[in-house]
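Undergrad: Keeping their order, the protein sequence lines are chains A and B. The working numbering numbers the first residue of the first sequence as 195 and each following residue consecutively. The working numbering numbers the first residue of the second sequence as 21 and each following residue consecutively.
These aren't lab readings, by the way, just hints derived from the structure by calculation. Note that the coordinates shown come from a computational prediction; the quantities given were computed from them, not determined experimentally. Where is the CB? At the ideal position from N, CA and C, for every residue including glycine. Accuracy of the hints is not assured; some may be wrong.
Listed below are the simulated DSS-like cross-link pairs for lysine-lysine, each with C-alpha atoms no more than 30 Å apart in a straight line [what the hints assert, rightly or not]: (1) 84(B) x 395(A); (2) 82(B) x 52(B); (3) 252(B) x 206(B); (4) 51(B) x 27(B); (5) 395(A) x 27(B); (6) 38(B) x 395(A); (7) 379(A) x 400(A); (8) 206(B) x 497(A); (9) 106(B) x 400(A); (10) 131(B) x 408(A); (11) 163(B) x 408(A); (12) 38(B) x 408(A); (13) 252(B) x 395(A); (14) 163(B) x 400(A); (15) 84(B) x 51(B); (16) 252(B) x 131(B); (17) 498(A) x 113(B); (18) 138(B) x 395(A).
On the chain B side, residues computed to face chain A include the following (Cβ under 7 Å) [as the list claims (entries may be wrong)]: (19) 101; (20) 104; (21) 109; (22) 115; (23) 119; (24) 128; (25) 129; (26) 132; (27) 270.
Chain residues, written in single-letter form:
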Amino acid sequence: MNYKSNSFFEKLFKSTLKIAALIVIGIFILLFYSLVERSIPSLSQNGLEILLGTSWDPNFEIFGGAPAILGTLFSSAIALVFALPISLCIAIFYTEYGPVRLRPFISGVMDLLAAIPSVIYGIWGLWTLSPILKINFQEPIIASIGFIPLFSGPAYGLSIFLASLILTIMITPIISSISIDIFSKTPMPLREGMFALGATKWEVIKNVVFPFAKRGVFAATILGLGRALGETMAVTMVIGNSYIWPFKSISLFSSASTITSKIASEFPESVVNIIHNSSLISLALVLLLISISINFVAEIISKKSAGRLNV
Amino acid sequence: MSENKLKVESLSAWFYEKQVLNQVSLDFPDKKVIAIIGPSGCGKTTFIRCLNRMHELTPGAKVKGRVVLDGKDIYTEMDAMEVRRKIGMVFQKPNPFPNMSIYDNVVAGLKLMGIRDKNLLDKVVESKLREVGLWDEVSDDLKRSGAQLSGGQQQRLCIARALATDPEVLLMDEPTSSLDPSSTAKIESLVRVLKNHATVIIITHNVQQAARVSDYTAFLYLGDLIEFGETKKVFESPKNPLTEKYVTGRFG
Chain A
195 MNYKSNSFFE KLFKSTLKIA ALIVIGIFIL LFYSLVERSI PSLSQNGLEI
245 LLGTSWDPNF EIFGGAPAIL GTLFSSAIAL VFALPISLCI AIFYTEYGPV
295 RLRPFISGVM DLLAAIPSVI YGIWGLWTLS PILKINFQEP IIASIGFIPL
345 FSGPAYGLSI FLASLILTIM ITPIISSISI DIFSKTPMPL REGMFALGAT
395 KWEVIKNVVF PFAKRGVFAA TILGLGRALG ETMAVTMVIG NSYIWPFKSI
445 SLFSSASTIT SKIASEFPES VVNIIHNSSL ISLALVLLLI SISINFVAEI
495 ISKKSAGRLN V
Chain B
21 MSENKLKVES LSAWFYEKQV LNQVSLDFPD KKVIAIIGPS GCGKTTFIRC
71 LNRMHELTPG AKVKGRVVLD GKDIYTEMDA MEVRRKIGMV FQKPNPFPNM
121 SIYDNVVAGL KLMGIRDKNL LDKVVESKLR EVGLWDEVSD DLKRSGAQLS
171 GGQQQRLCIA RALATDPEVL LMDEPTSSLD PSSTAKIESL VRVLKNHATV
221 IIITHNVQQA ARVSDYTAFL YLGDLIEFGE TKKVFESPKN PLTEKYVTGR
271 FG
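Please take these sequences and the hints and turn them into a complete structure.
TA: Here it is, written out as structure tokens:
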């Protein structure tokens, strides 16, 4: 038995793993701590205004974060509402209906889309998608149903709607490629069991594939949501960075801000004013808390459903 | 009703270029148990999967020939869903739907047919679970997931599920191969009762099992039907020397 000689390396290996794990935890604590510490000047001067206030004017030291927070939540939610059904359709087509020969092509394009740096989405949104949408979509809609506040003018092109659309395009490859993986892992015996009862293809998808894939697709959705909430560059370039939405104009075609676009566009100039700077950092803290709570809730939901499904 | 429930006429099957069944012709009599025996890879599973059009779900699958159920060609005169409702199937490994309760597993086929009547479903669940001898073991909690049962119970649940739609033919692909002896015995005695209302076609690896449960036996070898006849005759006085070798355990 050379158990003894092994045990040194065993211990070394174990402690290396432990250190790696501790570093991750340490970084998170440090990050959280510095955000809190540097938020304090803003929070002690303006209190909860960063959550509830609706206007933002560094000259008068007014720092209300509500429009940016709502902009983040809303654009991500819309992106999810669009991206989830599209992704499910892609995944169903890929795994169930599409010709096998087409698969490498589809997954290649998916991987490519997922790998495009966000600044490129931003440029494309700004120069190409924005004018196209403005002329072919926003203007006709405003002309026909513009009396509904949600679709009222003017058509800027750059808008919360465009930002949501760009986010949709960015998170669809993530959600769909994970969904494809999960759908194709549905055990063959279960599919065949359902087919053998006289099920159509769609009934097999509904009764076997979806229930099997539910938890995984949920996790993929949360991953996509996380990406959308934190996306900065592309959103900053296409959202217009105004502060009129949603309190001065509720229109989807209004320009707006998100937490990330606010921070990205104002951070350099804010260093001269400690409260301005601290307010931006408070917004960052809010974003972090949003992300943490979403992951936390997702964890609880997925654990609950795991218990119910016994899988 | 004709005496022969299911007629197979020169059935051949392929996976891509590889032929796995060669011109098999066979008439299955009504309300009997027919065993399909033969060594591994002889085409038994492909053969019965051609009988309810499951074979065509496999990529590269091709079929030629006719399979006639009560005078209707299942490939040209019926759609696959209708065929599979009339010809039920039990698989080699128990495959209850893990996301469904025991109750929902049993009625899955009925729900596909659009039957929602609670009283009717309740009745079917009880009668089918009684028929497969599972009722006393599970009736206290039908909401449990089917996947929580033991292997033998799961297989009996799958048989109940296949029986729920009252199929005229039941295909069983080595239903006991993954089960312990006592579960196997339960399923064998069940098979003998099932022929009261259906034609049962059962693949088995186990020659003794074929002798125990079946009225007729078909012996397949390398995609060819070597011999078909009453089980007693096939075992006691086989016409083909290959059959004799196989049933006496000298190869396979």
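Undergrad: Of the numbered hints stated earlier in the document, which are not met by this structure?
TA: 8, 12, 13, 16 and 27
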